[in-house]
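Protein sequences appear in the order of chains U and G.
So in this note's numbering, the last spot in the first sequence is 305, and the numbers never skip.
So in this note's numbering, the last spot in the second sequence is 277, and the numbers never skip.
Bear in mind the hints are in silico, worked out from the structure with no lab data behind them.
Remember, predicted model here, so these are calculated numbers, not experimental data.
One should not assume that every hint holds.
What the hints assert, rightly or not - Here are some chain U residues the structure puts well away from chain G; computed CB gaps all over 12 Å:
no. : residue
1   : Y19
2   : D32
3   : A33
4   : A52
5   : R73
6   : T96
7   : Y103
8   : I118
9   : N211
10  : P249
11  : Y265
12  : A280
13  : L286
14  : G302
What the hints assert, rightly or not - BS3-like mimics (lysine-lysine), calculated; alpha carbons at most 30 Å apart, straight line:
no. : chain 1 : residue 1 : chain 2 : residue 2
15  : U       : K218      : G       : K143
16  : U       : K106      : U       : K233
17  : U       : K192      : G       : K153
All C-beta atoms, glycine included, are put in the ideal place defined by N, C-alpha and C.
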Amino acid sequence: MKTVMSFLAVLAVIVGFWYAACVPMNVKGLLDAAERAGEQVTPATARERRDAGAFGLVVGNTFVVSRSWSVDRPRLPAPHQVAIELWETTVQKKITSKRSLIYHGKVTLSATLLGFGIGTGLGILLAVGIVHSRVMDMSVMPWAIVSQTIPIIALAPMIIVVLYSIGVQGLLPKAIIAAYLSFFPVVVGMVKGLRSPDHMKLDLLITYNANTAQGFWKLRLPSSMPYLFASLKIGIAASLVGAIVGELPTGAVAGFGARLLAGSYYGQTVQIWSALFAAAILAAGLVALLGVMERLILNRMGVKA
Amino acid sequence: MRDVLSQSEIDGFAEDTPAVAEPVVKAQDLNLVFGAGESAVHALKDVNLTINKGDFVSFIGPSGCGKTTFLRCIAALEQPTGGSLTVNGMTPDEARQARAYGYVFQHAGLYPWRSIAKNIQLPLEIMGYSKAEQGKRVGEVLKLVELEQFGKKFPWQLSGGMQQRASIARALAFDADILLMDEPFGALDEIVRDHLNEQLLQLWARTNKTIGFVTHSIPEAVYLSTKIVVMSPRPGRITDIIESPLPKERPLDIRDSPEFIEVAHRVREGLRAGHAS
Numbered sequence: 001m002k003t004v005m006s007f008l009a010v011l012a013v014i015v016g017f018w019y020a021a022c023v024p025m026n027v028k029g030l031l032d033a034a035e036r037a038g039e040q041v042t043p044a045t046a047r048e049r050r051d052a053g054a055f056g057l058v059v060g061n062t063f064v065v066s067r068s069w070s071v072d073r074p075r076l077p078a079p080h081q082v083a084i085e086l087w088e089t090t091v092q093k094k095i096t097s098k099r100s101l102i103y104h105g106k107v108t109l110s111a112t113l114l115g116f117g118i119g120t121g122l123g124i125l126l127a128v129g130i131v132h133s134r135v136m137d138m139s140v141m142p143w144a145i146v147s148q149t150i151p152i153i154a155l156a157p158m159i160i161v162v163l164y165s166i167g168v169q170g171l172l173p174k175a176i177i178a179a180y181l182s183f184f185p186v187v188v189g190m191v192k193g194l195r196s197p198d199h200m201k202l203d204l205l206i207t208y209n210a211n212t213a214q215g216f217w218k219l220r221l222p223s224s225m226p227y228l229f230a231s232l233k234i235g236i237a238a239s240l241v242g243a244i245v246g247e248l249p250t251g252a253v254a255g256f257g258a259r260l261l262a263g264s265y266y267g268q269t270v271q272i273w274s275a276l277f278a279a280a281i282l283a284a285g286l287v288a289l290l291g292v293m294e295r296l297i298l299n300r301m302g303v304k305a
Numbered sequence: 001m002r003d004v005l006s007q008s009e010i011d012g013f014a015e016d017t018p019a020v021a022e023p024v025v026k027a028q029d030l031n032l033v034f035g036a037g038e039s040a041v042h043a044l045k046d047v048n049l050t051i052n053k054g055d056f057v058s059f060i061g062p063s064g065c066g067k068t069t070f071l072r073c074i075a076a077l078e079q080p081t082g083g084s085l086t087v088n089g090m091t092p093d094e095a096r097q098a099r100a101y102g103y104v105f106q107h108a109g110l111y112p113w114r115s116i117a118k119n120i121q122l123p124l125e126i127m128g129y130s131k132a133e134q135g136k137r138v139g140e141v142l143k144l145v146e147l148e149q150f151g152k153k154f155p156w157q158l159s160g161g162m163q164q165r166a167s168i169a170r171a172l173a174f175d176a177d178i179l180l181m182d183e184p185f186g187a188l189d190e191i192v193r194d195h196l197n198e199q200l201l202q203l204w205a206r207t208n209k210t211i212g213f214v215t216h217s218i219p220e221a222v223y224l225s226t227k228i229v230v231m232s233p234r235p236g237r238i239t240d241i242i243e244s245p246l247p248k249e250r251p252l253d254i255r256d257s258p259e260f261i262e263v264a265h266r267v268r269e270g271l272r273a274g275h276a277s
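Here chain U stands alone, though its shape is the one from the complex (with noise of 0.2 Å):
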């Protein structure tokens, strides 16, 4: 009850930021539109009301607070508008229309968990490469940190436009961008975790002359469970940013990103807003959905999570 309770509060003081915020945000529109209208409005001309300050405006036409939540194309839609375009577009649109955000987070959601898979298979394998092979951490390790130095926002055009010389598209160079982010907290929990066993397990194998195959299944995959959910909730939604990323460039018809850049490229703010929440629900659904699974499988290890 009592977290709800905080919940609740922490909610509600972003919210009544937000619904304030939208007053100064939309201030000089709204006074354009009632000069256009003929009100009286103070400064009179849009030349004078250029460089004076938001808030100056506000206190000068009080008149317009009660209008700022409710304008057509608001520089900063109140939170009921966007709510409202989220619901319009998610549960009152057939999911086949083209301005269904459930199409559109399908088309997101699909290159998102493939790059995760792929992600997560290669920073698995890239760490127990890590962990077994001096070469490979001396080596391999360096390159991964430097990969996630790279803007991907700078990289993911290039990426697509070599695969697409090379005849891949669609799906998969939005995934493969996904892999790009997701991959690394994958590689660093992993080592982390294939580490994790102390000496004593260790000399306990090494006194049964276990080979190192039977360390790994034995001891050190098991071991690193706890660790790779950690890494696989972050990963997961790295995986989900690249995937949109990746829809940015491209001049995607579909997904998430497409959506972002519709938007932006027709103003219409209410949109971008919408698209942005749903994308962070489903990256919360997903990331939920890993901590089921990370609950159910240590639980089931005998492990508390």
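Guided by the hints, dock chain G onto chain U, whose structure is given.
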């Protein structure tokens, strides 16, 4: 010599008692130096010791006296830097590869994701025993450590003493002739410890294994051992080897007998002498 042997048929672990002393572990002028130059630590210096088949040998001494290090040398977990050491007539590493010993650490170190039975099964899986044989042996050693009812439980459901018993069962599962125990009861309270000591003696009598046992506790060493090796630090060395005059059959109240007190006194003297020098 071993009148308790008659009980042993139950478990089928018994072996014929050797008529003559058969050396299992033989150390000659064994040295182990960690590091080099100024910072070199002489962990073992000129250690000479023979452990015979069926012996229960305790290593006692303050921290840093090399008792654990010596046990780890026998297990080939450490490499001596000088002298010779044989286990069953082989080098320690060959003996390790031949799975000549079971090792019990201070902490049970059971895998939390495996049940007790599955934990005990671990070495058997690694050593490639058949499924049927695995099940049979797990059942046998669970009985030996009196944990028959707990095979399906997970480690966190067991007390510390029971976990340590499970780890002993795990070391016994593949029936190596040598059992090496590094302060196995060090983390347990006195009462549990007494009980486990009693059980360990019974187990030793029934299985006729050769046991190397590292401890901090004088009563524990005297109560358990046929041979007590007193060690002292800087450099780690043996200062006294005491052959226990106590009979093999040892009820807990033997600890009040004059013989017991005399041996304990000699161990204490040895420890004190090592400390003073």
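How the hints compare with the structure:
Taking the minimum C-beta to C-beta distance to chain G, about 50 Å, the non-interface status of Y19(U) holds against the 12 Å cut. For D32(U), the non-interface assignment is confirmed: its Cβ lies about 66 Å from the closest Cβ of chain G, beyond the 12 Å cut-off. Annotated as non-interface, A33(U) keeps its C-beta farther than 12 Å from every C-beta of chain G; the closest such distance is 65 Å. Even its closest Cβ contact with chain G, about 67 Å, leaves A52(U) beyond 12 Å, as expected for a residue assigned away from the interface.
Every Cβ of chain G is farther than 12 Å from the Cβ of R73(U); the closest lies at roughly 57 Å, confirming the non-interface assignment. With a closest Cβ-Cβ approach of about 46 Å to chain G, T96(U) is found to remain outside the 12 Å limit, as its non-interface label requires. For Y103(U), the shortest C-beta to C-beta distance to chain G comes to about 42 Å, beyond the 12 Å cut-off, and the non-interface label holds. With a minimum CB-CB distance of about 28 Å to chain G, I118(U) clears the 12 Å threshold, and the non-interface call stands.
Look at N211(U): its CB is around 8 Å from the nearest CB on chain G, not clear of 12 Å, so calling it non-interface is violated. The Cβ of P249(U) lies farther than 12 Å from every Cβ of chain G, with a closest approach of about 45 Å, so its non-interface assignment holds. No Cβ of chain G approaches the Cβ of Y265(U) within 12 Å, the least distance being about 53 Å, so the stated non-interface status holds. Separation of A280(U) from chain G is adequate, the least Cβ-Cβ distance of about 34 Å exceeding the 12 Å criterion.
Distance check on L286(U): its Cβ is at least 25 Å (rounded) from any Cβ of chain G, clearing the 12 Å threshold; non-interface status holds. Annotated as non-interface, G302(U) brings its C-beta within 12 Å of a C-beta of chain G; the closest such distance is 4 Å. A distance of roughly 25 Å separates the Cα atoms of K218(U) and K143(G); the hinted pair therefore holds under the 30 Å criterion. For the hint pairing K106(U) with K233(U), the CA-to-CA distance comes to about 20 Å; that is within 30 Å, so the pair holds.
Only pairs whose Cα atoms come within 30 Å are accepted, and K192(U) paired with K153(G) is accepted, the gap being roughly 29 Å.
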